[in-house]
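Got two chains here, each in a separate frame; can you build the complex from them with the hints?
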Amino acid sequence: MTRHAPLVLGIESSCDETGVGIVRGTQLLTNTVSSSMDEHVRFGGVIPEIASRAHLEAFVPTLRTALDDAGVTLEEIDAIAVTAGPGLSGALMVGVSAAKALAVATGKPLYAINHLVAHVGVGMLGGPFADGLPPALGALLVSGGHTEILRIGDITSDVELLGSTIDDAAGEAYDKTARILGLGYPGGPVIDRLAREGDPTAIRFPRGLSQPKYMGTAEQPGPHRYDWSFSGLKTAVARSVEQYEAAGLEVPVADIAASFQEAVVDIITSKAVLACREHGITDLLLGGGVAANRRLRELTGERCAAAGITLTVPAPSLCTDNGAMVAALGARIVMNGGRPSGVGFGTDPSLPVTRIVLAAAPDDGS
Amino acid sequence: MLLLALDTSAAATVALLRDDVVVGRFGSADTRSHAEVLAPAVQQILADAGVSGRELDGIVAGVGPGPFTGLRAGLVTARTLAFVWDVPLLGVLSLDALAFDAAASSAVPPGTGFLVGTDARRGEVYWAAYRAPSDDDGAVLPALLDGPHVGTAAGLPKGQLLAGRAASLYPGELDGIPAFATSDPDAASLARVARQRLLAGEPLRDTAPLYLRESDARVPGPRKRATA
Ligand SMILES: [Zn+2]
Chain A
698 MTRHAPLVLG IESSCDETGV GIVRGTQLLT NTVSSSMDEH VRFGGVIPEI
748 ASRAHLEAFV PTLRTALDDA GVTLEEIDAI AVTAGPGLSG ALMVGVSAAK
798 ALAVATGKPL YAINHLVAHV GVGMLGGPFA DGLPPALGAL LVSGGHTEIL
848 RIGDITSDVE LLGSTIDDAA GEAYDKTARI LGLGYPGGPV IDRLAREGDP
898 TAIRFPRGLS QPKYMGTAEQ PGPHRYDWSF SGLKTAVARS VEQYEAAGLE
948 VPVADIAASF QEAVVDIITS KAVLACREHG ITDLLLGGGV AANRRLRELT
998 GERCAAAGIT LTVPAPSLCT DNGAMVAALG ARIVMNGGRP SGVGFGTDPS
1048 LPVTRIVLAA APDDGS
Chain B
55 MLLLALDTSA AATVALLRDD VVVGRFGSAD TRSHAEVLAP AVQQILADAG
105 VSGRELDGIV AGVGPGPFTG LRAGLVTART LAFVWDVPLL GVLSLDALAF
155 DAAASSAVPP GTGFLVGTDA RRGEVYWAAY RAPSDDDGAV LPALLDGPHV
205 GTAAGLPKGQ LLAGRAASLY PGELDGIPAF ATSDPDAASL ARVARQRLLA
255 GEPLRDTAPL YLRESDARVP GPRKRATA
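So the protein sequences, as listed, match chains A and B.
Numbering-wise, the first sequence is residues 698 to 1063 according to this note's numbering.
Numbering-wise, the second sequence is residues 55 to 282 according to this note's numbering.
Here chain B stands alone, though its shape is the one from the complex (with noise of 0.2 angstroms):
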């Protein structure tokens, strides 16, 4: 299964997986740059690897949530990608690339539940809860119990521990998770996670952006009227 991902939800993000090998991956910090390096990242990921975009099996795409305009280049960038060479177009909650990161490492003991957030700017973070995965209930993926939110930090559910660049943010909020406490959605375990669906006949999301917050915009109120 050849699945290329990309997640804009943070940082830029794209990944090639070849069955549950990375073959390809870039990633950016810059968070105000994905329109620019996007594109050129797909690029090169697909030539130095050798594949053509029309032999992939997916392409998925982080939903978010996430800052607008960044979000909006990830997606735009995958539905014009998955139109042009025909090929499925998978949407995934870009919160549970952290959660299965943070789940398939020793921080989370099986069966448990935490958190994970990101940074939604204005002093807010994006945060679900979800629970590790266990040899008892055979599951593969963290399931998600609830969220995803938008909110500040202190009104998180207290007494878990939480995975993403949220921790660092709100040190005095939040319970981080030391190996995860900067870590944004990466396109890598965004792709596994599709997999892992796809693997388990689970059906995916569409891709439909979740920008958990209104637009801003405000109906302007009628003029005074000047009073004789």
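Bound-form chain A, shown alone (with noise of 0.2 angstroms):
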């Protein structure tokens, strides 16, 4: 295997995307993803089982448009990774199944990693970071899926996560919100889309766990110091719409996506921003699908300028679920000369941090 830059090939099928994608080291040289997002439009949101159905189809299709669009066969490739956790557990069995029966059939060794960490690695595929991440990274991940901030000390071996949501994600509370407001799924976009027309300022929705019994000091840490929540928001919402309308005046729209929409924004990065400050990070990188959220962008990029970070965000194609980041963490893992998984390893939904690449079974010896 060339440790120097290995071919790597990386899955991807933990929520809607599945995803395959082929690096040469740091160099990326296909992203291949099919969505099943359509599929999902008229419930709303992700609905696990049509999206497990839909990576049983995807798979071997997007695994010979990857490797035809990078132009390299399967006996080239040194590895292979996958996405074993977190994410939904259905949607984890079908890419893990997958991966393991080409590790099989190919001989090649697997890594099983853990898909939070693999945000963090498209940040070395190219791009600002092409000489190695930075000593002092933190990773702010917002998505449909999660809303995490993480402290990477060593993205094979020490990533620590600073908070999280403990209930939605951020990119939940924005398509229940437009479901809430009439506007269809995803809510992301048209709810950022509307918001330029509206006040930010015209309601004042609730910032969840912004409360000093939450919050405590720096030295004396509240419970969620560093946590969001944004059911209470989704409440507050449908609750506005309908003292609007129990009064027979036309609901503002306009004002309550941009005040919901700020009121996510503003909590979001001040909580990022205070654990970056609180844990010495200088670097901030800006992962998920809502990464591509103009108010998100404007509003860290300002907030990380005053706190002297510097903020960095990959390109939209790598800031959503994609098989490229799969492949990017697993090949910085194969040059730190990782041991491989094994193909007896299980997914794990709930797949914490801490654990970056599965350890192989001790009674696997592949």
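Simulated from the structure, these hints should not be mistaken for lab results.
One or more hints might be untrue.
Coverage of chain A stretches by chain B, computed from C-beta distances (three or more under 8 angstroms per stretch; other residues unrestricted) [to be verified]:
no., region
1, 748-757
2, 777-791
3, 798-804
4, 1042-1050
Derived, one-sided and incomplete: chain B residues facing chain A with beta-carbon distance under 8 angstroms [what the hints assert, rightly or not]:
no., residue
5, Leu92
6, Ala93
7, Pro94
8, Gln97
9, Gly107
10, Phe122
11, Thr123
12, Arg126
13, Leu129
14, Val130
15, Val138
16, Trp139
17, Ser269
18, Ala271
So the derived label-pair ranges between C-beta atoms look like this [stated by the list, open to error]:
no., chain 1, residue 1, chain 2, residue 2, range
19, B, Leu198, A, Asp735, 34 to 42 angstroms
20, B, Arg175, A, Asp766, 38 to 46 angstroms
21, B, Ser87, A, Ala702, 32 to 40 angstroms
Beta carbons: idealized from backbone N, C-alpha and C, even for Gly.
Written as structure tokens, this is what we have:
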């Protein structure tokens, strides 16, 4: 195996994207994604069983396209990496079964890796961190499936979860709010667009977990100093709409969208920057599908600049779930001499970020 | 003829069939760890037999009906192996494997009708009706007469013997064949069914999964408007 710049194929199936990416070391060769998002539109959110069915149908065609696009053969591949968690159980099961079959059929080593840490891994694909990730790096991941702030000491061995949502993910809050406002799915892009026409100060929506009893102080942190909660926000939006309707007034959709977005973005960025400052983080990577949100990028940029933190936002196609990020993290693990996971491991829908690559089962000789 | 067969419609089972001889097999009664055990089983069976995947004449996949997640683990495994090794992918109704076993035993007289039923969970069974082959019609395999279906055991045709786990789950409603009352589809039998079809020049199925159930997803209703 080429340990200097290994050719690694990465597989992602933790939610509604079937992704196959191929990298050579830190060079991106292909990022092929098949999404079942259109099939979820009429339900207003990702339906796990529909996503899993779509993964089964999409996997081999996506693999074939990725190999063609990258101009490589399976024989040339040095290693395979796959998302083992966290994510939707049934969806993970398809990608992991496929990856294991691929490993058995090709005889290539397989690495079972953490989806959240892989989101950070895209930072290594060319771009600003081509020479390696900075030493005091943080990652703010915001999507329909997760909302987390991570500290990355070493992407293959030292990752810490500083804070996360305790209920809905931020992207979910966008989807639910869009539904209340009758704006369709997915909610992020349409709310972001409408918010430009509205007044973000029109309604003061709650900032979850911002009270002193949750925050505490830097010396004596409260129980949720860097955590988020978005379920109350959704309820507040619903109540606001009902009040306008009950009074026989037209619902000011743009003002509500702008005020909702401001509440989400304000609490995400203030807590993320606080976590960075209190953990000596000087570089922040913004990832996840909601990283495409105009206001989130703007306010994160402003607040990072004010705190002396350098912000990096990868290309949108690398922020959403994809196989290239899995390949990128896999390649780094290979370059560091990490041990493969074998083919006996299980999926873990709630895999903690401290488990970056799964160890091989003791009786797994492969 | 060298066939590798996988069935995950109930248990996870894998078998390697050389002509009519089973040269390797694996079975796990655990119905919830298919994604963990399947690939290691394939690897072990081929290694033990000293067979490389590219030597296979086909990969036989049980297409269900079966519980969603386990069924998919087998199908995506079979499809991926067939793609990489560039060998034919052959779909077989999983219930055909049980029907084959029952008809090959003395429990079902030649030419008679019988049922096959497996556990569909949620108080239901997956089932199909077959007729055992007889010397008169020259057939080797049981003929599928009706199905596959999913439904309650009480809704199955009356007065016919049934092979498969459904018999032990719903003994009050079903007339189970004792020797097959806890049987699940087996990959070795699945491979034999595929082999007989290939020898007879009959077409095999593609590997589209037979879920027989919708995804349970519901389109959310409109939000109730507050009235003044
Ligand atoms: Zn993600």
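Verification of the supplied hints:
1. For the region 748-757 of chain A, the stated coverage by chain B is satisfied: 6 residues place a CB nearer than 8 angstroms to a CB of that chain, which reaches the threshold of 3.
2. Residues of the region 777-791 of chain A lying with their CB closer than 8 angstroms to a CB of chain B number 4, which satisfies the three-residue condition for coverage.
3. Check on the region 798-804 of chain A: 6 of its residues sit with their Cβ under 8 angstroms from a Cβ of chain B, so the three-residue criterion for coverage holds.
4. Given as covered by chain B, the region 1042-1050 of chain A passes the check, having 3 residues with a CB less than 8 angstroms from a CB of that chain where 3 are the minimum.
5. A hinted interface residue such as B:Leu92 counts as satisfied when its beta carbon comes closer than 8 angstroms to some beta carbon of chain A; here the least separation is about 7 angstroms, so the hint holds.
6. Annotation: B:Ala93 was flagged as interfacial toward chain A, and the flag holds, the nearest CB pair being 3 angstroms apart, inside 8 angstroms.
7. Because the smallest distance between the Cβ of B:Pro94 and any Cβ of chain A comes to about 5 angstroms, under 8 angstroms, the interface hint for this residue holds.
8. Hint status for B:Gln97 relative to chain A: holds, with the closest Cβ pair at about 5 angstroms, below 8 angstroms.
9. The criterion of a C-beta within 8 angstroms of any C-beta in chain A is met by B:Gly107, whose closest approach is roughly 6 angstroms, and the hint holds.
10. Taking 8 angstroms as the C-beta contact cut-off toward chain A, the hint placing B:Phe122 at the interface holds, the least distance being around 6 angstroms.
11. Satisfaction of the interface hint for B:Thr123 is found here, the shortest Cβ-Cβ separation to chain A being roughly 5 angstroms, below the 8 angstroms cut-off.
12. Look at B:Arg126: its Cβ gets to within about 5 angstroms of chain A, closer than 8 angstroms, so that hint holds up.
13. Contact between B:Leu129 and chain A, as hinted, is supported at the beta carbon level, the nearest pair being about 6 angstroms apart and thus within 8 angstroms.
14. Hint status for B:Val130: holds, given a least beta-carbon distance of 5 angstroms to chain A, under 8 angstroms.
15. Annotation: interface hint on B:Val138 holds; nearest CB of chain A at approximately 4 angstroms, less than 8 angstroms.
16. Taking 8 angstroms as the C-beta cut-off, the interface hint given for B:Trp139 holds, the closest approach to chain A being about 6 angstroms.
17. A hinted interface residue such as B:Ser269 counts as satisfied when its beta carbon comes closer than 8 angstroms to some beta carbon of chain A; here the least separation is about 4 angstroms, so the hint holds.
18. About 4 angstroms separates the beta-carbon of B:Ala271 from the nearest beta-carbon of chain A, less than 8 angstroms, and the hint is met.
19. With their beta carbons about 35 angstroms apart, B:Leu198 and A:Asp735 fall inside the hinted range of 34 to 42 angstroms.
20. At about 40 angstroms, the beta-carbon gap between B:Arg175 and A:Asp766 stays in the expected band of 38 to 46 angstroms.
21. A C-beta distance of roughly 36 angstroms is found between B:Ser87 and A:Ala702, which places it inside the suggested range of 32 to 40 angstroms.
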